[in-house]
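Model the placement of chain B on the given structure of chain A, informed by the hints.
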Amino acid sequence: MALVKYNNRSILNVTALDSLASGGLNLLATNNITSGVSSSSFTSNIDSTYDTYLFKFINMHPASTNTHFRVNFRDGGSNFDASKTTTTFFSRHKEDDSNASLGYDNSRDLANGTGYQDIYFDTGANASDECGSGTLFLFSPSSTTFVKHFMSVSSSYGDTPRAYHNFMAGYCNTTSAIDGVDFKFSSGNIDSGVIKMYGLSKS
Amino acid sequence: MALNFCNNNSLSAITSIPAAISGGGLNLISTQTASSSSTLSFTSGIDSTYKEYIFKFINMHPVTDTAKLQVNFRDGSTAFDATKTTTVFNAQHPEAGGDGELSYQAGNDIAQGTGYQDLTRNTGNGNDESTSGMLHLFDPSNTTFVKHFICESNSYFGNDQTEKLHIVGYCNVTAAIDGVDFKFSSGNIDSGVIKLYGVS
Chain A
1 MALVKYNNRS ILNVTALDSL ASGGLNLLAT NNITSGVSSS SFTSNIDSTY DTYLFKFINM
61 HPASTNTHFR VNFRDGGSNF DASKTTTTFF SRHKEDDSNA SLGYDNSRDL ANGTGYQDIY
121 FDTGANASDE CGSGTLFLFS PSSTTFVKHF MSVSSSYGDT PRAYHNFMAG YCNTTSAIDG
181 VDFKFSSGNI DSGVIKMYGL SKS
Chain B
1 MALNFCNNNS LSAITSIPAA ISGGGLNLIS TQTASSSSTL SFTSGIDSTY KEYIFKFINM
61 HPVTDTAKLQ VNFRDGSTAF DATKTTTVFN AQHPEAGGDG ELSYQAGNDI AQGTGYQDLT
121 RNTGNGNDES TSGMLHLFDP SNTTFVKHFI CESNSYFGND QTEKLHIVGY CNVTAAIDGV
181 DFKFSSGNID SGVIKLYGVS
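Going down the list, the protein sequences come from chains A and B.
Those letters in the first sequence? Residues 1 to 203, per my numbering, in order.
Those letters in the second sequence? Residues 1 to 200, per my numbering, in order.
None of these hints come from the bench; they were simulated from the model.
Being a predicted model, the structure only gives us computed values, none of them experimental.
Check each hint, because a few of them may be wrong.
To be verified - Listed below are several chain A residues computed to face chain B (Cβ distance under 8 Å; list not exhaustive):
1) T52
2) S133
3) F137
4) V147
5) H165
6) K202
Where a beta carbon is used, it is the ideal one built from N, C-alpha and C, also for glycine.
Just chain B, with the same shape it has in the complex:
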């Protein structure tokens, strides 16, 4: 139990407060840690409490070399299969130097598809290779509008280069989004942490 002290007109030395009191803009809702996991799913805590949710994925490490980190959304029932239209571009630069590249990635976008959206194009499985980034999901419980999401990630590409990938799009449904699922395109998630925040 936290120790709390009062003086005449304020509270001090508070080390914890009831859950009902917001601690500021970013409110940690849940954390999932992978350990050779096939997927990491968030199926609770995504509702009308917040207008924006942020997923921070940190050091996502695949079992399989050059696998793609992917995401999908649940819009009712139990399946992660919301219809999406997305747009994707990247910037990349190899460790060996040379010219960098900025280009559209038509192989990674979705046009009204229900499959998983790539959040990386390629993540290496070397011991020090991984992907980190963040995904913003706006107003998932809204039943009037489509559901926008914005993601940026940086990856250690399997052939020793850095790649920044920019992904946005919308779940083209008016049904509420109440679950989000992450996985690699092949093989398990060997390790990694994903944190879900609500923005007050």
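Chain A on its own, in the form it takes in the complex:
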């Protein structure tokens, strides 16, 4: 039980509120990466408590150059290998004012593939200030009736250098529950970054 202290006008030092709704966004876990790790996994608290889960990845910085930030999902067992069909497109613009374009990227989508899905790409470690940030929504992961939809939007610093606006969406083509999510780069470690997982209150 939390310790609760009163003064004349307010409550102090409350560390838990048993019956007070905490609001729409409920922070479930934070992976704070401060030294190189091969991946960042969330393997608990993804269940039927919430219908929507939100991952926020902030300043994800790779150890390698020209690498892609990726995600995969666990649908039973211990492997992150759910079958996925996805679609991706982007908008981009270089710092030298060239390469301004909006396009679909056939090389980044999956057609019932089990591999990792790119969230953003071509970011690097050429400069210490390069990174990417964004969000990933995962809908109703515990459903055993429907496929599991997910959507991501991110901003990233491309290696060349350029600004990338990355859109990715798709579904895990399985009726098994999704109970884990894993993030990594296509090559090399995650050098640093923060990933937070939230559940969105049902009511």
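Structure of chain B alone, referenced to chain A:
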């Protein structure tokens, strides 16, 4: 003063809690309401407290027809002039029907510029015309990385169509961003509300 009740193992009927206790994921930091204002600036509350800040701009209504809602960032001193590289595209569809359009907007992006970034291409000033949307700013106090931002807006275009504009980019500085300024490209902000939230 709020009434608070205790039972044996929990608190109930609490209507307010000390500011030091987070109320959940989205924490309202400040609200600004325009009234024929030249700009709406947020110059406090943007620091290392949160890793992500969200601005929600609601019914931004310009004095001048077809003005563009714009944003800029402060990276030290008093000027809103952080160097930025951005990329922009839109989807639009007129009230009269016909084909919609999805295209890159080279006239609204920035390549290492310090000027204001367009958040809309055109907002009408008719009585019922306005722009609403949201701007996410990531880790503004970080002094190692560039500062990413993501924005999407929907506008009542001056010639009677809807336009969704998507803007992302980064302030290409390692200095902390400690202020954000909104204005229209010409004329004042006649009315509108901008709310600043921190994400726990």
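Exercise. Against the structure, test the hints numbered earlier, and report the numbers of the ones violated in rising order.
Key: Violated hints: 1, 3, 4, 6; rest satisfied.
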